[in-house]
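Q: For reference, the chains in residue letters:
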Amino acid sequence: GQQLNQSPQSMFIQEGEDVSMNCTSSSIFNTWLWYKQEPGEGPVLLIALYKAGELTSNGRLTAQFGITRKDSFLNISASIPSDVGIYFCAGRPGQGGSEKLVFGKGTKLTVNP
Amino acid sequence: NAGVTQTPKFQVLKTGQSMTLQCAQDMNHNSMYWYRQDPGMGLRLIYYSASEGTTDKGEVPNGYNVSRLNKREFSLRLESAAPSQTSVYFCASRSTGGASGYTFGSGTRLTVV
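Chains as they are written, first to last, in my numbering: chain A, 468 to 580; chain B, 96 to 208.
Calculated directly from the structure, the hints in this document are not laboratory data.
Keep in mind it's a predicted model, so treat the numbers as computed, not measured.
Please note that a few of the clues may not be correct.
[Unchecked claim] List time: in silico PhoX-like cross-link candidates among lysine-lysine, alpha-carbon distance up to 25 angstroms: (1) A:Lys567 - B:Lys152; (2) B:Lys104 - A:Lys575; (3) B:Lys109 - A:Lys567.
[Unchecked claim] A short list of chain A residues far from chain B (calculated; beta carbon distances all over 12 angstroms): (4) Gln470; (5) Ile480; (6) Thr491; (7) Thr529; (8) Gln531; (9) Asp538; (10) Val578.
Virtual Cβ for every residue (Gly too), placed ideally from N, Cα, C.
Let's have the full structure, built from the sequences with the hints guiding it.
A: Right, here's the structure in full:
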């Protein structure tokens, strides 16, 4: 089945630093989504991307839909302690009109005050 | 509050016992999903229901059954629990036809001893 390669697996940063994580796939995706999961909770949608090349911001978060439709990145600027959590990328494959999302394995972010 | 509600939040089972995880959404979404989350594995799809009256297998369906009771409710049943089914289970829903992402419940943490 289709897979998303998400990197890095984990990050340990100091408060105030910028963060960058990405997802890549060997096949084309129609939609890219970025979720954040906090301890004991379900993932919450942060940003949704629907067109190749699209760049979208949500506060300190910025995400882009790669021009090849096979990758996406998420940047967090000026990190704060509440950014801690697991960030998941997810995509809707372009072939076959599948409505099921494919998820990356997540990037665990730790922010040291 | 509108959203996806899962019950119970925590459960401990003995090997061989059965139980049903409940999920309900009040957003009038057509599609509903069951995922399991294990460390380092991300979110893996167990079963999904694209609409009321239909269910389909996901990536890891063995050992599980589902019932789409009505448009609101989608339950997951473990007939004979095994230690390998120790995991956190998430239910999600989505409105078909749009390009929206999933809305997740807060999860059920299941331990099988």
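Q: Under the criterion that the straight-line Cα-Cα distance not exceed 25 angstroms, is the pair B:Lys104, A:Lys575 satisfied?
A: Holds, at roughly 23 angstroms.
Q: Measuring Cβ to Cβ, find out whether A:Val578 lies farther than 12 angstroms from everything in chain B.
A: A:Val578 is indeed farther than 12 angstroms from all Cβ atoms of chain B, at 20 angstroms.
Q: According to the definition I'm using, a residue is off the interface if its beta carbon is farther than 12 angstroms from all beta carbons of the partner; does A:Gln470 meet that for chain B?
A: Given a closest Cβ separation of 10 angstroms, the condition is violated.
Q: Are all C-beta atoms of chain B more than 12 angstroms from that of A:Asp538?
A: The claim stands: A:Asp538 keeps its Cβ more than 12 angstroms from every Cβ of chain B (closest is about 17 angstroms).
Q: Next pair to validate is B:Lys109 with A:Lys567; report whether the Cα-Cα distance is within 25 angstroms.
A: Distance ~32 angstroms between B:Lys109 and A:Lys567 Cα, so the pair is violated.
Q: Hey, is A:Thr529 genuinely clear of chain B, shortest beta carbon separation above 12 angstroms?
A: A:Thr529 clear of chain B: closest Cβ-Cβ about 17 angstroms, beyond 12 angstroms.
Q: Is it correct that the beta-carbon of A:Thr491 has no partner in chain B closer than or equal to 12 angstroms?
A: Answer for A:Thr491: holds, closest chain B Cβ roughly 15 angstroms.
Q: Over 12 angstroms from every CB of chain B: does A:Ile480 meet that, or does the non-interface label fail?
A: Non-interface label stands for A:Ile480: nearest chain B Cβ at 21 angstroms, farther than 12 angstroms.
Q: Should the label of A:Gln531 as a non-interface residue stand, given a Cβ cut-off of 12 angstroms to chain B?
A: Since the minimum Cβ distance to chain B is about 17 angstroms, A:Gln531 lies beyond 12 angstroms and the statement holds.
Q: Is the Cα-Cα distance between A:Lys567 and B:Lys152 25 angstroms or less?
A: holds (11 angstroms)
Checked against the numbered hints above, the structure violates hints 3, 4; every other hint is satisfied.
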